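Residue numbers (my numbering), protein chains in the order written: chain A, 1 to 157; chain B, 1 to 121.
Bear in mind the hints are in silico, worked out from the structure with no lab data behind them.
There's no promise every hint is true.
[As the list claims (entries may be wrong)] Chain A residues, not near chain B, derived (Cβ > 10 Å throughout): (1) E32; (2) Q34; (3) L35; (4) E44; (5) T46; (6) R47; (7) V69; (8) E70; (9) R136; (10) T137; (11) R138; (12) V139.
[What the hints assert, rightly or not] Covered, in the sense of this in silico footprint (three residues per stretch, anywhere, with C-beta under 8 Å from a C-beta of chain B), are these stretches of chain A: (13) 111 to 122; (14) 141 to 154.
It should be emphasised that the depicted structure is a prediction, and the values quoted were computed from it without experimental measurement.
No residue lacks a Cβ here, since even glycine has one placed at the ideal position from N, Cα and C.
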Amino acid sequence: MSATVAAPAGSQGERSPSEPSGSASSESELPEIQLVRPLPGFSELTRYVLVRLGGEVDEEPIMYELRSVEEPMVRFLVAVPTVFFAGYGFELDASHCTELGLTAPDEALVLVLLTIGDDTASTTANLLAPVVINARTRVAAQVILSGSDWPVRAAVV
Amino acid sequence: MLVLTRRAGESIVIGDEVRVVVLDVRGDTVRLGIDAPRSVQVHRAEVYAEVQAANAAAASTVDDLGSVADRLQRMARPAPARRAVRRLRGSHLAAGSAASQGVGSHPAGGPAQHRRDRPRT
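So that you can see chain A by itself, here it is in the shape it has in the complex:
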């Protein structure tokens, strides 16, 4: 198993999630995401890194580890939602656009948190509250799509 860092060209790093988090030099090469407010339930944590995991579809990464910089034990498996849920989509409220500095839909990288089940087949994705990232500035927020019917636990398989 290998994990490839989602890093800008020129900075290398192959690291596995089980490596100690104190490896400062490679840690500093991971591009950091700044949450404008913490994930509900994980207050005070606003700095995260995205570590690319194995697979790709059409040469695009589809799954990442979202790991807290401040608390490395806090880690999430996240995925590009539309590869598993082809009909998934939403409109972003003006307030979220402003806080994330988004001026066009394709500036946003959308990832959803996965809950790994007792067996892989029972893994679910939180479609109600995706993490929306400004791909340019790396400012992000978990946006609760209030008023939508997207499920908080959607079966991935």
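With the hints as your guide, set chain B onto chain A.
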């Protein structure tokens, strides 16, 4: 907890920037209006609790997320990614090309269900 009694049309101010007004009361249903700065998130309590619980459940204790990701990909056979943000709301912002994305309706049903469309070619 601070307990206040209000009638329809009356308001509550929280801090300097949040105002809650009772719009109307019909039977056992109260309609509330909330004025808050854009930086303050307002949600139904049960929705917020659900997201908190889902986040807590999602926090992984698995050492090898890469293997889980690989297995998931093999089982789920993912399709190419599409843009999840269809449109940005707000008159001063550029609209997405809604026509090319198609207008997907939200799925019906509760948390146990989701709708998976066949990928368009």
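Quick rundown of the hints versus the structure:
| no. | hint | result |
| --- | --- | --- |
| 1 | E32 | 19 Å, holds |
| 2 | Q34 | 15 Å, holds |
| 3 | L35 | 12 Å, holds |
| 4 | E44 | 14 Å, holds |
| 5 | T46 | 14 Å, holds |
| 6 | R47 | 16 Å, holds |
| 7 | V69 | 15 Å, holds |
| 8 | E70 | 14 Å, holds |
| 9 | R136 | 14 Å, holds |
| 10 | T137 | 15 Å, holds |
| 11 | R138 | 16 Å, holds |
| 12 | V139 | 13 Å, holds |
| 13 | 111 to 122 | holds (count 6) |
| 14 | 141 to 154 | holds (count 10) |
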